[in-house]
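Novice: Protein chains in written order, with our numbering: chain W, 1 to 115; chain H, 1 to 115.
Read the hints as simulated data drawn from the structure, not as lab findings. There may be inaccurate statements among the hints.
[Said to hold, decoys possible] DSS-like mimics (lysine-lysine), calculated; alpha carbons at most 30 Å apart, straight line:
(1) W:K58 to H:K26
(2) H:K26 to W:K49
(3) W:K68 to W:K58
(4) H:K26 to H:K13
(5) W:K68 to W:K49
(6) W:K69 to W:K58
Being a predicted model, the structure only gives us computed values, none of them experimental.
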Amino acid sequence: AQSVTQLGSHVSVSEGALVLLRCNYSSSVPPYLFWYVQYPNQGLQLLLKYTTGATLVKGINGFEAEFKKSETSFHLTKPSAHMSDAAEYFCAVSDPGGGYNKLIFGAGTRLAVHP
Amino acid sequence: DAGVTQSPTHLIKTRGQQVTLRCSPKSGHDTVSWYQQALGQGPQFIFQYYEEEERQRGNFPDRFSGHQFPNYSSELNVNALLLGDSALYLCASSLTLAGGTDTQYFGPGTRLTVL
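Just chain W, with the same shape it has in the complex (with noise of 0.2 Å):
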């Protein structure tokens, strides 16, 4: 069965730091991958997502992630936060083959940014 593990359920970094969320999955094949956001009071908005190709995905508000199958990991980064970015963040998979596409989240990462 497929499973998400977020390591670090809060995370906090100051204004203009790097910031990392990470994710690593459990799945019998290579799954595909979400990243998304979730503002307080509110639903989920896609970050980023891979299915085929390229490694390096490259999403909304400057956030990117890399798929790395030896390593079954999805982490999410980004190079300089901001104030804005202080919101929960949940990586999903799922399976291509299994049909349907279900998504399974992570228990989420509380991103906070101090100044």
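Based on these hints, arrange chain H on the given structure of chain W.
Specialist: Below, chain H alone, put in the same frame as chain W:
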């Protein structure tokens, strides 16, 4: 172009009651998935509707049921509410393609509180 919409925004019920939540998918989408997000956790897949039928289901009891209408909108019904049903209920819409469903886009959610 309207995104995914959900109603109501908030709902308070008592144990044993029944509740209906509603979702209108993004224009052009034909598939609706429902997720439950308990406080401090990642979303959990409840079920998915396509062509007015439940196509896939997560590990949720039969108290959770749904419906999809010809215009692709959907309802989530929960019977015999328990305190543990208190959560944010998220609707996601997508387009079903030959190889599965495309990217899921989420609505703002309905916050259900069971007293």
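Novice: State for each hint whether it applies.
Specialist: Verification of the hints:
1. W:K58 to H:K26: Given pair K58 (chain W), K26 (chain H) holds - Cα atoms ~24 Å apart, limit 30 Å.
2. H:K26 to W:K49: Holds, at about 19 Å.
3. W:K68 to W:K58: 15 Å, holds
4. H:K26 to H:K13: 28 Å, holds
5. W:K68 to W:K49: 14 Å, holds
6. W:K69 to W:K58: Roughly 17 Å separates the two Cα atoms, so the pair holds.
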